[in-house]
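> With the sequences and hints as input, model every part of the structure.
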Amino acid sequence: MNLWNKLMCYSRRHSPWLFHMNGGSCNGCDIELIASLSPRYDAEQLGVRLEGSPRHADILCVTGPITHNATNAIKTVYGQVCGPKAVVAIGSCPATTNVFIDSRTLEGPLDKHIPVDVFVPGCPPRPDAIILGIAKAAEILAERAGKKLPVEPVLMQLVGPGCGGACACGATKEIKTEEEVQP
Amino acid sequence: MNILTMLWKNLWGGSRTMLFPKRPEVSEKYRGLVRFDPALCTGCAICKMRCTARAIEFKSGKGEFTWSYDPGHCTFCGRCVEGCKTHALTQESECPPVYTTIGELNESHTLTRQKPPAPKPAAPVPAVLAEQIPIPATGETK
Amino acid sequence: MNSMTTSLARLLIFPGLLFAVPAAWFFLWVERKAVARMQGRVGPPFMQPFFDFIKLLGKSTPPRNGIAGLLMKAWPLIAVSAAAGAVGLLPVLPASGGFQGDLILLLALLEVPSMCIIAAGFSSGSIFGEIGSAREAVLSVSYNVVFLLAILSVAASQHTFSLEALAQLPASPLRWLGVIAILICLPAKLHLNPFSLPNAEQEIYSGPMTEYAGPELAMWELSHGLEWVAATGLVATLAAPAVTLWWVGVLIFIAFSFAIVLLLSVVASATARLQIDTTVRFYWQCTLIFAVLAVAAALFMRLRA
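As you go down the protein sequences, you meet chains X, Y and W in turn.
Take any residue in the first sequence, count from 1 to its spot, add 1395: that is its number in the working numbering.
Take any residue in the second sequence, count from 1 to its spot, add 424: that is its number in the working numbering.
Take any residue in the third sequence, count from 1 to its spot, add 98: that is its number in the working numbering.
Rather than coming from a laboratory, the hints here were simulated on the basis of the structure.
All C-beta atoms, glycine included, are put in the ideal place defined by N, C-alpha and C.
It is possible that some hints are incorrect.
[Claimed, not checked] Quick list of in silico lysine-lysine cross-link-like pairs, DSS-like style, CA-CA up to 30 Å:
| no. | chain 1 | residue 1 | chain 2 | residue 2 |
| --- | --- | --- | --- | --- |
| 1 | Y | K509 | Y | K483 |
| 2 | X | K1531 | X | K1470 |
| 3 | X | K1507 | X | K1531 |
| 4 | X | K1470 | X | K1507 |
| 5 | X | K1401 | W | K131 |
| 6 | Y | K509 | Y | K472 |
| 7 | Y | K483 | X | K1507 |
| 8 | Y | K446 | Y | K433 |
| 9 | X | K1531 | Y | K453 |
| 10 | X | K1401 | X | K1531 |
| 11 | X | K1507 | Y | K472 |
| 12 | X | K1531 | Y | K446 |
| 13 | W | K171 | X | K1470 |
| 14 | Y | K483 | Y | K472 |
| 15 | X | K1401 | Y | K446 |
| 16 | Y | K486 | Y | K472 |
| 17 | W | K171 | X | K1401 |
| 18 | W | K131 | Y | K446 |
| 19 | Y | K509 | Y | K453 |
| 20 | Y | K453 | Y | K472 |
| 21 | W | K131 | X | K1531 |
| 22 | W | K131 | Y | K433 |
| 23 | Y | K486 | Y | K509 |
[As the list claims (entries may be wrong)] What the simulated footprint calls covered on chain Y by chain W, stretch by stretch (three residues with Cβ under 8 Å from a Cβ of chain W suffice, anywhere in the stretch; the number is not a length):
| no. | region |
| --- | --- |
| 24 | 427 to 433 |
| 25 | 436 to 450 |
Here you go:
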């Protein structure tokens, strides 16, 4: 139904729930993300809630160049985020590994592992820039509801969806999902 | 009871939040995206050597060179700006924009190498000073 | 026939689902906005809990297998129906057909969402769920003793277990004592600071709700909102004066509920989360003695009368 679809688009845009994941960062971007929830910048005016579980969230915010230890964790958590999802790479590190470009402990930029929707440059980005990035990701989620696109281009499934994700079984499959937004 | 008076003041004193599209002012010395002025660049590549994150690429060809900048790599440290002797690089005082595809903000400029400008003749010494300062007889110009 | 239609109207229309669900969203918004304002922020816009609900309905859920999966799907529905039933029992309109003992039924229905949260944490199979459920269980045991003793003292002093009779009778000092004891238990029941331990996000990743997503999570949020309406409605029923005009009574009920929501928001924003041992000690050492004294006083007055 058209009305339901419009309502769903509007709700997705106005209720982005975040899950924050640290992929080996120096914590500068993490602090700025938490600062964006502070009274001066107040991300809650957009309906943003920082959730405790990846299953509750729509937007996965990743900081840090992806270290060797963090790779499996990021893929697992990405698989655990449900339904229509978006990924925001906060800072210059997840986009291009920034100053750590020759490091032996890194597995490369974030979009080598999971599809990324919005990049927020900066080292660290200002909290108002982070809020702008989250708002852009919420708009992308609303567009996906509107156009009935597949919820994400490529899904790499690391562990079975039923288990709590406590173990990384090590089986990687690249699946083109046919998951569509329900009308 | 301090907490309760604080809550009361907050409740009636209004919020200190900046409502969404509004962003706080940044000072003039804020280090944002690097801006390149092709007219001033001499192709010395000091900026590439000083760059910490390999955001600046410099390719030298016959009689021309290409300067390219990837803001995705940039850490906005300002070493390139400090190192440029002709002040061809400046940093804009604005937050870098949010982008959705890798490489969206890249820029690259291809410039031809110019001959160094001819040396200017030395300016004549004014008559007032000529009496006081002896001018060397050889009159060398630089 | 008449009582059946009245009961259905109470359950589904007023103060049942049709009134309670928007009221639940309204109270959730009031709490978030009041806490935000007191922290110096702006807070979410008015329809925020409604948009959260709709958005959650549109998300996919991970596939769940076996009996544990079936149970996981069932617990939120049981919680919502129990909370809706509890709201439906509130005697907002006069002469709406209550019965002797519906106070006990209301308390039982108010307990069901907590039980469902505990069961849901264990059936989700994640370690965070188990820890959160264990905390919720300890909290539930601690505050429930005080809560039930306070209600018992109020009911014993007025010689009735019928909600409607309690609403009509004039208040005695013992009833105010009972109301204060119930108000002390409400932050624990509604998972607010200082007793918001099962929700400790940084420690246990959403606790019992960790594995829930999509429409199931929407049902949990709705049951939480309905618990708000039922719990504040119970205190409003006990505290509000009885009036003859029915619409004045309804307005007074809503006004009292709103005031209790604001009071709980002030408490939530003024305090920090207490640890489990401090919480248990608070309920068992500090408040239990007053609840026991209230019951003893009620029984004593009853024996004398």
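> Which of the numbered hints above does this structure break?
No numbers; nothing is violated.
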